[in-house]
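Undergrad: Sequence:
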Amino acid sequence: MNKILFLLLNVLVTFSVFSQTVIVDSLKQEGWDKSGKLTFLVNQSAFSNWTSGGENSIAGALAVDYNLNYYKNGWAWDTKMIGAFGINKNSDSDFAKKTDDRIEINSLVGKNFTKELSYSSFVNFKTQFARGYKYSNSSIGVEQRNETTRFFSPAYIQLGVGVYWKKSNDFWINMAPVTGRLIIANKKFTSNLSDGEEYFGISKGNTSRFELGASLTGFYKFELIENVILEQSLSLYSDYLQNAENIDIDYTISAFMKINDYLSTSLIIQCRYDDNAVKKVQLRQVFGLAVTLDLLEIPTLISKI
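Taking this note's numbering, the leading residue of the sequence shown gets -15, the next gets one more, and so forth.
No lab work stands behind these hints, which were simulated from the structure alone.
It is possible that part of the hints are untrue.
In silico lysine to aspartate or glutamate, DMTMM-like type, Cα no more than 25 angstroms apart, as pairs [as the list claims (entries may be wrong)]:
no. : residue 1 : residue 2
1   : K110      : E14
2   : K263      : E207
3   : K64       : E195
4   : K263      : E182
5   : K151      : E100
6   : K64       : E207
7   : K264      : D85
8   : K205      : E215
9   : K171      : E88
10  : K18       : E88
11  : K56       : D17
12  : K188      : E127
13  : K82       : D17
14  : K110      : D245
15  : K118      : E88
16  : K263      : E181
17  : K21       : D84
18  : K81       : E127
19  : K188      : E100
20  : K172      : E207
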């Protein structure tokens, strides 16, 4: 566990050191700063009489990433909203399966006491849009599925206070040594648990779990080489009340290689560790051709149609 944490922090620092792009200090720009993008990612494969074998498949994912930043008189208010949903269908499966499903809102208010350091307070919310399933085959080989998650099951709400270091809207770290976290779930998933069994840390018959701990979140975006943008986000959480040494990790690295103003290739790799969910490292990787639109330009594009 400690090796994984060390590796992720090392990656963040290494990219920071070797990035050649100079980040503009957005703290000098007072008032509101809005930005966002809409991305549609697609990949597809088809085979006909292909002797080497293969499965016909099609996959697509839609993601919205919106940022709202405000600065004036030493006060900073930064909000990031992410919504993403992806699905994949293979010819040999009866079910379409999710490749991505996220709702996340992170809002942070800070008052600076030096040029780049602020006292901070934040709220973070995470859940998903649709039901998730665990797939298996029956004794006669028929594919079947069992529901494991749904909207607000689980849902995570975090509130914390700490110190906010901000170089720009594209490079910041927030450290909150006092963070409360509430995990919520539908009773459907907890009422039939065995004694001692838990659902994302929630015990039998309950619908929530409260934790008190420390959190660290960070974001870094830069141009790695010309027309290649790299984004990294890291979230760490340790529960003081139970197994503080088991640090929850959520690390995502995304690379976008620009083809033109609207097309790019996209690679997303996400790594998670949460021993309340599963006592293993979770990995997700998605690669494909992406259509990307600036959210602020969409009204202008529609007017031209």
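Undergrad: Now tell me, hint by hint, if it's right for this structure.
TA: Comparing the hints with the structure gives:
no. : hint        : in the structure
1   : K110 / E14  : violated, 29 angstroms
2   : K263 / E207 : violated, 35 angstroms
3   : K64 / E195  : holds, 23 angstroms
4   : K263 / E182 : holds, 12 angstroms
5   : K151 / E100 : holds, 6 angstroms
6   : K64 / E207  : holds, 20 angstroms
7   : K264 / D85  : holds, 20 angstroms
8   : K205 / E215 : holds, 4 angstroms
9   : K171 / E88  : holds, 22 angstroms
10  : K18 / E88   : holds, 17 angstroms
11  : K56 / D17   : holds, 11 angstroms
12  : K188 / E127 : violated, 29 angstroms
13  : K82 / D17   : violated, 33 angstroms
14  : K110 / D245 : violated, 31 angstroms
15  : K118 / E88  : holds, 23 angstroms
16  : K263 / E181 : holds, 13 angstroms
17  : K21 / D84   : holds, 17 angstroms
18  : K81 / E127  : holds, 12 angstroms
19  : K188 / E100 : violated, 45 angstroms
20  : K172 / E207 : violated, 46 angstroms
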